[in-house]
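There are 2 protein chains.
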Amino acid sequence: MNENNHLVIMAGGVGSRFWPMSRPDNPKQFIDVLGVGQTLLQLTVSRFGAAFSPDHIWVVTSEQYKNKVHEQLPEIPEDNILLEPCMRNTAPCIAYVAWKICNRYPDATIVVSPSDHFVVDGEMFRATIEQGLNFVRGTSRVLTLGMKPTRPDTGYGYIQQGENVDGSFSKVNAFKEKPVLEVAKQYLSEGGYYWNAGIFMWDAAVAKEAIRTFEPEIAAVMDKMEPSFYTENEQSVVGECFPQCKNISIDYAVMERLGGKEATILGRPSSVYVLPADFGWSDLGTWGSLYTQIEKDDASNAIIGRGKVKMIESNGCMVCASGNVRMVLQGLENYIVAEDNGTLLICKKDQEQRIKEFSSDK
Amino acid sequence: MNENNHLVIMAGGVGSRFWPMSRPDNPKQFIDVLGVGQTLLQLTVSRFGAAFSPDHIWVVTSEQYKNKVHEQLPEIPEDNILLEPCMRNTAPCIAYVAWKICNRYPDATIVVSPSDHFVVDGEMFRATIEQGLNFVRGTSRVLTLGMKPTRPDTGYGYIQQGENVDGSFSKVNAFKEKPVLEVAKQYLSEGGYYWNAGIFMWDAAVAKEAIRTFEPEIAAVMDKMEPSFYTENEQSVVGECFPQCKNISIDYAVMERLGGKEATILGRPSSVYVLPADFGWSDLGTWGSLYTQIEKDDASNAIIGRGKVKMIESNGCMVCASGNVRMVLQGLENYIVAEDNGTLLICKKDQEQRIKEFSSDK
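Same order as they appear, the protein sequences are chains F and V. Heads up: the first sequence begins at 75 in this note's numbering, then just goes up one per residue. Heads up: the second sequence begins at 75 in this note's numbering, then just goes up one per residue.
No lab work stands behind these hints, which were simulated from the structure alone. None of these values were measured; they are calculated from a predicted model. You may find that some hints are simply not true.
A pair holds if it fits inside one copy or across any two, identical chains being indistinguishable in the list.
As the list claims (entries may be wrong) - Distance condition first, Cα-Cα at most 20 Å in a straight line; then the derived EDC-like pairs of lysine to aspartate or glutamate:
1) Lys-298 with Glu-314
2) Lys-252 with Asp-357
3) Lys-384 with Asp-435
4) Lys-222 with Asp-352
5) Lys-382 with Glu-431
6) Lys-422 with Glu-387
7) Lys-382 with Asp-435
Hey, can you work out the whole structure from these sequences and the hints?
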């Protein structure tokens with residue numbers, strides 16, 4: 075791959091819908107959710123393959139997770155682990171890393187990726203990423219990946235495809251919020267809608283300029299922080315300035331404002347594009363989204379974790395048996411059974427959107 | 075109570091149908107099944123109240139459980155804890171303790187009780203036991219308690235009542251094996267059938283003579299063991315002789331042979347009698363039998379153990395959450411959910427007779 079390519083991994087989330095496996099003190103990106111011997115964060119880095127050298131891989135996370143990132147990705151320089159002193163959603167987070175990369179690598183092209191997603195076909199994934207990076211490099215284009223939807227999922231945002239521009243690539247017509255079921259069904263029957271996977275690519279300089287255009291206050295905070303980058307003062311300056319940023323997602327701040335429009339960034343035409351992809355993807359946002367992606371037994375049960383599980387007259391279940399747990403499950407149909415460290419959740423699979431309620435102490 | 079009364083508790087069982095809480099290395103009589111701060115064995119001793127002095131309480135168990143018994147019942151003299159070197163069912167077990175008690179207390183009247191049953195009304199229980207001991211004392215009668223059946227349970231043996239002899243007491247017409255459901259239903263509609271609780275009373279000398287009459291080989295083994303009783307050789311002699319006993323239950327060996335007949339024991343008329351009782355009883359043989367006996371919430375869920383359990387849209391469930399476990403259960407109807415020390419069982423309540431199959435490693 076091109077030596078200007080940089081990978082940015084966002085690893086600050088708390089994964090509350092994946093309870094009880096994922097908890098604020100150990101969210102799912104740091105867990106071997108699939109029981110394969112690698113955490114989701116490690117799988118994410120592996121998935122991008124050898125194309126990015128370790129000093130071109132950047133992780134943005136919370137201060138409290140610094141040690142976890144360092145332990146799980148020892149090959150990444152400490153300077154490349156960016157610590158948010160507080161949660162300000164994805165726009166300030168991406169601004170910080172874009173400013174920092176651009177400071178040292180002004181010609182960088184970056185791909186931004188969540189740390190806790192799941193991809194089935196790694197080879198196709200890498201080819202798609204390379205195709206995307208080549209599409210944006212040296213331009214003012216912003217590219218987002220659109221996952222071909224396989225069901226009317228109401229847990230994802232959708233991207234409406236517009237004019238085709240270059241074979242695989244189309245302009246984005248609009249970003250759509252998580253829809254209700256009827257609307258999601260309509261999207262699928264109409265066609266031209268894709269799941270927003272939160273993976274996007276742009277040149278670092280374009281990212282900076284787009285943020286400066288749409289969120290000048292965030293840009294001002296970054297400009298104030300920039301002189302401290304790569305110095306021993308960085309963390310204290312960031313600790314002082316970063317919390318002044320407003321809490322806004324990169325989707326609201328930039329993508330939705332630029333999507334479906336024509337703008338000029340760095341003197342060049344700019345818009346948001348979508349590259350439809352079909353490498354098998356789940357945001358692992360919920361147990362059900364994991365269920366759809368992994369191998370099932372003859373009775374359509376998906377079982378993960380290192381525990382010993384015996385299924386009897388059970389089908390359609392998503393089972394997670396962590397550690398040394400032993401489970402015998404009889405007569406369960408379409409349930410989630412998830413155990414982690416002494417906490418057990420059993421609920422119907424179609425009720426998983428209520429897991430936050432289930433996990434509350436009330 | 076009469077100073078000749080002795081209590082014999084049989085505590086050698088393995089409780090396999092109460093898996094995963096009960097396991098061979100820690101069967102249910104040694105567990106605080108109900109989460110009340112006392113094990114079933116301790117509850118059993120407490121239930122008999124202050125009527126038996128500690129040196130008149132005897133426990134028969136396996137060698138491997140000696141320390142558990144001693145720890146849980148420190149007030150009982152070590153001489154009163156009888157250790158079976160191997161499992162030979164209840165006839166040799168009761169023979170051993172009858173011989174041993176009679177050796178020192180020839181006028182003893184004994185009540186034999188399982189160690190792992192559950193009784194709702196302790197006061198009524200104690201009154202029933204006293205009434206029963208008075209009925210057999212100084213006679214050759216054998217008395218068994220018959221529990222008034224509340225449902226056509228197929229997990230219990232039944233006692234068919236015969237001729238009434240003395241107000242509450244009747245002769246036993248026959249002992250019936252665990253019936254199939256149709257037969258159990260017939261018993262209930264006919265009336266005069268009681269669950270066999272395995273609690274019976276007789277004079278120690280009568281017990282000895284009855285065993286000698288029906289199982290002379292077992293009696294011969296006991297006679298050979300007797301000179302060692304209360305000496306330091308006892309355990310080694312028992313270890314040598316006891317395994318020669320045939321494997322047979324006291325029901326087969328004595329009760330069924332004496333029930334419904336007239337015999338002469340120690341020169342006096344002998345038969346088996348039944349005293350119907352209604353103090354609320356369960357053998358805790360299965361989760362379902364426990365479920366029927368304990369308090370339920372508004373949605374008919376019975377929850378035991380020290381764990382923290384949150385039930386959502388669930389009803390009719392028997393839940394056991396041991397230790398520090400936390401459970402959130404949604405959308406479950408009529409299930410058993412039992413967790414103990416890292417092992418979880420979920421099965422439909424009406425499938426609990428298959429728990430041995432469920433718990434096997436196959």
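List, from low to high, the hint numbers that the structure doesn't satisfy. none
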